[in-house]
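Colleague: Generate the whole structure from the sequences, applying the supplied hints.
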Amino acid sequence: ELQKWQLEWQCVDENDADVQTGYFDFVFAGLGPLRIPKIPEQLKSFTGKSVHTAEWDPTIDFSGKRVAVVGSGARRAGRPDLIPVLTPKFVPGCKRIAKSEDYLEALAKPNVTVIPSAVENVEGTTIVDKLGQKNEVDILVLATGFDVGGFDSKLQRQKSK
Numbered sequence: 044e045l046q047k048w049q050l051e052w053q054c055v056d057e058n059d060a061d062v063q064t065g066y067f068d069f070v071f072a073g074l075g076p077l078r079i080p081k082i083p084e085q086l087k088s089f090t091g092k093s094v095h096t097a098e099w100d101p102t103i104d105f106s107g108k109r110v111a112v113v114g115s116g117a118r119r120a121g122r123p124d125l126i127p128v129l130t131p132k133f134v135p136g137c138k139r140i141a142k143s144e145d146y147l148e149a150l151a152k153p154n155v156t157v158i159p160s161a162v163e164n165v166e167g168t169t170i171v172d173k174l175g176q177k178n179e180v181d182i183l184v185l186a187t188g189f190d191v192g193g194f195d196s197k198l199q200r201q202k203s204k
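Position 68 (the sequence shown) corresponds to 111 in the working numbering; numbering is contiguous.
In short, the hints are calculated from the structure, not lab data. We put the beta carbon where it would ideally sit given N, CA and C, even for glycine. Check each hint, because a few of them may be wrong.
Think about it this way: if two alpha-carbon atoms lie no more than 27 Å apart in a straight line, the pair counts; the simulated DSS-like pairs of lysine-lysine are [as the list claims (entries may be wrong)]:
#1 Lys152 - Lys108
#2 Lys92 - Lys132
#3 Lys108 - Lys177
#4 Lys173 - Lys108
#5 Lys92 - Lys173
#6 Lys152 - Lys132
Label-pair distances were calculated between CB atoms; the ranges are [unchecked claim]:
#7 Ala161 - Leu45: 50 to 56 Å
#8 Val155 - Asp68: 48 to 54 Å
#9 Tyr146 - Glu98: 18 to 24 Å
#10 Ala60 - Lys108: 50 to 56 Å
#11 Gln46 - Ala149: 50 to 56 Å
#12 Thr169 - Gly73: 38 to 44 Å
#13 Asp68 - Phe105: 48 to 54 Å
#14 Thr156 - Val191: 44 to 50 Å
#15 Pro76 - Lys173: 52 to 58 Å
Modeller: In C-alpha cells:
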C-alpha cells in the first residue's frame, strides 16, 4: 500500500472541469487564514473614519484627532496605575507577545487614556463601553485580529477508508 497523501482537486474557475489526482509525501495547507480582518458587529456602525491594522491607510492624518484603538491584544503595563488594568490574566506566551520599545511610553503620555472595559456599542462617533462610559472619537483603529472561521469553507473533505 502506498504511504502517501492522495489529493483530488478540480479547478472550478477555469474551463478544465476534470478531476485531477496527485500523490504527495507531505501536504501543507497554506490557506492564509490571517488575511480577512475581523470587525466586531458592534463597531460596524461607527460613522467616523476607521481603519483595520491589516489594511493600514498611510494617508490618514491623525494630527489633532481623537483616536480610539480597539483590541490591542498584547498588553503590558507602563505606569503603576495601569498595572492592574493591563496585566494579563493568562500565562505569558498564550497570546502573541508584542515587541515594542515605545509601547509603554505611549500609554504613559498625558493625552492617552486607557479604558479597560470592552466596547458595548457605537453611537455615531461615540464609543460606549460595557460600564456605560462614552468617548467621542474622530478615528477608530481596529486591532481586532482576523476572521479565521470559514477560511477553508470551499474545500470538500472525504473521510479516508
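Colleague: Take the hints in turn and mark each one as holding or not.
Modeller: So, going through the hints one by one against the coordinates:
1. With a C-alpha separation of about 15 Å, the suggested pairing of lysine 152 with lysine 108 holds against the 27 Å cut-off.
2. Under the criterion of a C-alpha separation no larger than 27 Å, the hint pairing lysine 92 with lysine 132 is inconsistent with the structure, at around 32 Å.
3. For the hint pairing lysine 108 with lysine 177, the CA-to-CA distance comes to about 17 Å; that is within 27 Å, so the pair holds.
4. The straight-line distance between the Cα atoms of lysine 173 and lysine 108 is roughly 24 Å, inside the 27 Å bound, and the hint therefore holds.
5. Under the criterion of a C-alpha separation no larger than 27 Å, the hint pairing lysine 92 with lysine 173 is consistent with the structure, at around 22 Å.
6. Between the alpha carbons of lysine 152 and lysine 132 the distance comes to roughly 24 Å, so the proposed pair stays at or under 27 Å and holds.
7. Between alanine 161 and leucine 45 the beta carbon distance is about 52 Å. The supplied range of 50 to 56 Å therefore holds.
8. Taking the beta carbon of each, valine 155 and aspartate 68 are about 52 Å apart, inside 48 to 54 Å as hinted.
9. Hint check: tyrosine 146 to glutamate 98, Cβ distance near 22 Å, so the stated range 18 to 24 Å holds.
10. Alanine 60 and lysine 108 have their C-beta atoms about 53 Å apart, which keeps the hinted 50 to 56 Å range intact.
11. Separated by about 54 Å at the C-beta atoms, glutamine 46 and alanine 149 satisfy the suggested range of 50 to 56 Å.
12. A beta carbon spacing of about 42 Å between threonine 169 and glycine 73 agrees with the range 38 to 44 Å that was offered as a hint.
13. Between aspartate 68 and phenylalanine 105 the beta carbon distance is about 50 Å. The supplied range of 48 to 54 Å therefore holds.
14. In this structure the hint that threonine 156 and valine 191 lie 44 to 50 Å apart at CB is violated, the actual value being about 31 Å.
15. In this structure the supplied range 52 to 58 Å is violated for proline 76 paired with lysine 173, their Cβ-Cβ distance being about 29 Å.
Hint compliance for this structure: hints 2, 14, 15 are not met, and every other hint is.
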